[in-house]
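Required output: the full structure, derived from the provided sequences and hints.
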Amino acid sequence: MSEELIPHKTMLTRLGLSRTGVWRALHSAIQGFPTPRIVRRRVYWRVQDLPLLAASMERYCGRGEFDKARRVNKLIKKSGSKAEKSVKGKRKRKAKQGEDRHQLDLFGRT
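The numbers in our numbering rise by one with no breaks, and the one at position 95 of the sequence shown is 1407.
The following label-pair restraints were derived from C-beta to C-beta distances:
hint: 1; residue 1: Asn1385; residue 2: Ser1330; range: 15 to 25 Å
hint: 2; residue 1: Leu1327; residue 2: Lys1386; range: 27 to 37 Å
hint: 3; residue 1: His1320; residue 2: Phe1419; range: 51 to 61 Å
hint: 4; residue 1: Glu1315; residue 2: Arg1382; range: 29 to 39 Å
hint: 5; residue 1: Leu1418; residue 2: Ile1342; range: 45 to 55 Å
Derived by calculation from the structure, the hints in this document are not laboratory data.
Cβ coordinates follow ideal geometry from the N, Cα and C atoms, glycine included.
Written out as structure tokens, the structure reads:
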């Protein structure tokens, strides 16, 4: 059972897409987005999937939606890690009173 595969760059030129745009669309969980085949660390696409890929890219909302979803996921992870840190009870180190906190410049003056 042999599939006809084309390299990633060839697919990009045929459909007129950018590498970054395809990566964002692939990671934004679009329903029915075809997955690439990876052979020896190289990315290939099935020729049969090209029309489906083109249709999926038309449904892709763009960078704004991708970035919004990414920020939400980042905030969710960050809030979870803050809860874990507060349980551990680590405190920040306070600066000593009267300690000179100025950084010296190149010639040793403050």
